[in-house]
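Asker: Sequence:
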Amino acid sequence: MLARHLLSSSLSNTALARRSIIRTPHASPSISKSYASPSSPSQSNETSNSKDTKDKIEITEKRVLHIRRIARTTSGGKARQIWAMVVVGNNNGFAGMGAGRAVDAGAAVQKATRNANKNMQFFPRYDGRTVFSNSEYKYKATNLTIWPLPPGSGVISSPHIHEICRCVGIHDIAVKTRGSRNPMNVCKAMFEALAHQKTPEHIARMRGKKVEDVALSYFGEAN
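If you read the sequence shown in the UniProt record's numbering, its first letter stands for residue 1, the second for the next number, and so on.
No lab work stands behind these hints: they were computed from the structure.
Where hints are given, some of them may not hold.
With a cut-off of at most 30 Å between alpha-carbon atoms, the simulated DSS-like pairs for lysine-lysine come out as follows [to be verified]:
{"#": "1", "residue 1": "Lys-140", "residue 2": "Lys-210"}
{"#": "2", "residue 1": "Lys-111", "residue 2": "Lys-140"}
{"#": "3", "residue 1": "Lys-176", "residue 2": "Lys-78"}
{"#": "4", "residue 1": "Lys-176", "residue 2": "Lys-210"}
{"#": "5", "residue 1": "Lys-176", "residue 2": "Lys-138"}
{"#": "6", "residue 1": "Lys-198", "residue 2": "Lys-62"}
{"#": "7", "residue 1": "Lys-138", "residue 2": "Lys-78"}
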């Protein structure tokens, strides 16, 4: 009996030791991945710097490009809303476009303005007033032909593109619209055309030359 009692006590002690070993806290791979810190402090600094740069942009222009009524068919009938498209900018190369829908026009414009602030981006300009060169751009069924103009010429374009150029800070440009004149397509085409300009830096990178040489040969002045 004594031997059996000693054997059972030793087995119970062994089981308790195993349980304590199993319950010892260790870093689980899944938990460590879900709560992983940033890989490097530079990445977190870059994201914070980009957010700070967006927040520091002072919006000086806000234009409502288009407002219309829309209706969405549901099981309970037609849900009517207001759809708005807004462009914002600082007259110095930064601009953004956004759309929003709501029950009333004021709320739709506010949503569109928030989306436009989120979509803010920089567009390079030649001499701070126009585009770098002649270009053609197609977005869906909309075709744009763009020409830079001499100083003091003004903006010669449709009303929607005129407001976009005003927000970006482009003062001398001519834009011809062909094909679809849907306001959304026209505005998106203009934004993408400005974003895809061939700047001296882009041409120098493609041709393997210095930026100063490209600016002198293409634009008549050293950049």
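Asker: Determine for every hint whether it applies to the structure shown.
Answerer: Hint check results:
In summary, the hint linking Lys-140 to Lys-210 is not supported, as the alpha carbons are separated by about 36 Å, beyond the 30 Å threshold. Of the pairs offered as hints, the one joining Lys-111 and Lys-140 holds, with about 26 Å between alpha carbons and a cut-off of 30 Å not exceeded. Proximity of Lys-176 to Lys-78 is assessed by CA-CA distance (about 38 Å); at most 30 Å being required, the pair is judged violated. About 33 Å separates the Cα atoms of Lys-176 and Lys-210, which puts this hinted pair outside 30 Å; it is violated.
With a C-alpha separation of about 12 Å, the suggested pairing of Lys-176 with Lys-138 holds against the 30 Å cut-off. Restraint check for Lys-198 and Lys-62: satisfied, since their Cα atoms lie roughly 27 Å apart, inside the 30 Å limit. Under the criterion of a C-alpha separation no larger than 30 Å, the hint pairing Lys-138 with Lys-78 is inconsistent with the structure, at around 35 Å.
The structure fails to meet hints 1, 3, 4, 7 from the earlier list, while all remaining hints are met.
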